[in-house]
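Enquirer: Here the protein sequences line up with chains A and B, keeping their order.
Here the working numbering is used: position 92 in the first sequence is 92, and no number is missing along the way.
Heads up: take any position in the second sequence, counting from 1, add 1000, and you land on the working numbering.
To be clear, the hints were calculated from the coordinates, so they are not data collected in a lab.
Positions of the beta carbon are idealized from the N, C-alpha and C atoms, including for glycine.
Keep in mind that the hints are not guaranteed to be accurate.
Claimed, not checked - Partner residues aside, some chain B positions facing chain A, computed with beta carbon under 7 angstroms:
id, residue
1, Val1007
2, Leu1009
3, Leu1035
4, Thr1163
5, Arg1164
6, Val1179
7, Pro1180
To be verified - So, partial list: chain B residues that the calculated Cβ filter (under 8 angstroms) puts toward chain A:
id, residue
8, Thr1165
9, Leu1169
10, Ala1219
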Amino acid sequence: MRRNERGVFGWLPVLTLVTLAFAIFANFFIAGTDRLQGPPQRIFYIHVPSAWVAYLAFFLVFIFSIKYLAKRNPDDDIRAHACAEAGVVFCTLVLITGPIWARPVWGVWWTWDARLTTTLILWMIYVGYLMLRAYMTEPEQRARFAAVMGIVGFLNVPIVHMSVEWWRTLHPKPVVMRSGGLRDLPDSMHVALWSSLLAFTLLFVCFVRKRAQIERLSARVEEARAAREEG
Amino acid sequence: MRRFFSVLLAVVEKDLRLEWRTKESLLVMVVFALLVLTLFSFAFGPGGGSGENARAVQAGILWISFLFACVIGLSRTMGVERESTGFSAMYASPADPSALYLGKVVSVAVLMGIMEFAGFAVLAVLYRADVWKSAGALALIAASATLGVAAAGTLFSAMSARTRTREVLLPVLMFPVLVPVLIAAVKATEAHLGGGGWPDSRDWIRLMLVYDVVFLVAASMVFEYILEE
């Protein structure tokens, strides 16, 4: 166990911290201030990477869930669990930073726009996933049920997105201001965006690894306790 | 293939016969749906408010009450299996798990269909909605929505029935996943109640059919993992 901790991944937390520090620096000092939106635009460098990490996390839950059902390796269940937890954390961050930005820029905390609504529903689905896990005691059954939920929940995402998009676009509504796409960004903003994407992804990997490690240890504690009670 | 359908029909027959003898869920479902329909009238004003928005409100009220009421039917259909060790029996039996699952879906959908019939009748009386004018369209909408709700609901109730909290978890797991069906059913119903007709409802019905297919296929594939012990 301990030996694994050195190696490439041993440096991961350090690398994450350095990248994160640079990303924050880039956000405030390298990237220029947006002419239309002003300083609130800087929350973009936290919001977008969080969204990317959340969707990545839920995709990984899907992959590990399939892998668990196919191979029945408890470690895949632990990984799916860790990814779901980290995903919910970053998804929460998306749902918090979004309104903070929207208030000064759009004038409202929330609009029922397709992307916002899909993210909210997604958050609810994975909170449900975590609750399902929390209310089950038998580890093997919990792993199977959670895997089913992880697969079905993710398959649902495109349908939710499509339905919400139609729901909003079939009726006229105030035009929501959108950014002009990545190509229109000046270089300084690219530095801030990409460094913070990298930093958040590394942070996510750190979280998942740590969470999985804790989960493995607590599984071992459970086993030991069960063994002692029997013997 | 014949075996598959005979298993499916056996499950449906067993569930419906059980319901016929005990009358445990259907009656409660219907009364609960009517209750919610009435309560919404108090919340939004008589007949779901007035003006052009009234039809939209009515369609929303109708489907929310169906969705709430079906939780009762779903918890019952799987609660019965848990109490009578039906899950172990299903797991031990050589029957195809997807046939067992689809049988459950059909029996839930039949119960929901009866409840919805009563719901539409009440909507016509209490909310003065012109249900008969587009009865065929509404039946199609109700059928495609019901199939989706039953497909997702059966899977999630089989899971939640065996958690520590029992049925309490079912709505929390099921409602977020059913958002597309709810939106589509409400929008399509609104189109037909308000006179928009097929051009406004066609895409929504298609969306529900896609949802039904995706869910029925995915859930029948994973149902064996739910039965396993």
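Enquirer: Please go over all the hints and tell whether each is borne out by the structure.
Expert: Tested hints:
1. Val1007: violated, 21 angstroms
2. Leu1009: Hint on Leu1009(B): violated, closest Cβ of chain A at ~25 angstroms, above 7 angstroms.
3. Leu1035: With Cβ-Cβ at 26 angstroms, over 7 angstroms, it is violated.
4. Thr1163: Since the shortest Cβ distance to chain A is 4 angstroms, the answer is holds.
5. Arg1164: holds, 5 angstroms
6. Val1179: At about 5 angstroms, which falls below the 7 angstroms cut-off, the nearest Cβ of chain A leaves the hint on Val1179(B) intact, so it holds.
7. Pro1180: For Pro1180(B), the interface hint holds, since the closest Cβ of chain A sits about 4 angstroms away, which is under 7 angstroms.
8. Thr1165: holds, 5 angstroms
9. Leu1169: Holds, about 6 angstroms.
10. Ala1219: With a minimum Cβ separation of about 7 angstroms from chain A (threshold 8 angstroms), the hint on Ala1219(B) holds.
Hint compliance for this structure: hints 1, 2 and 3 are broken, all remaining hints hold.
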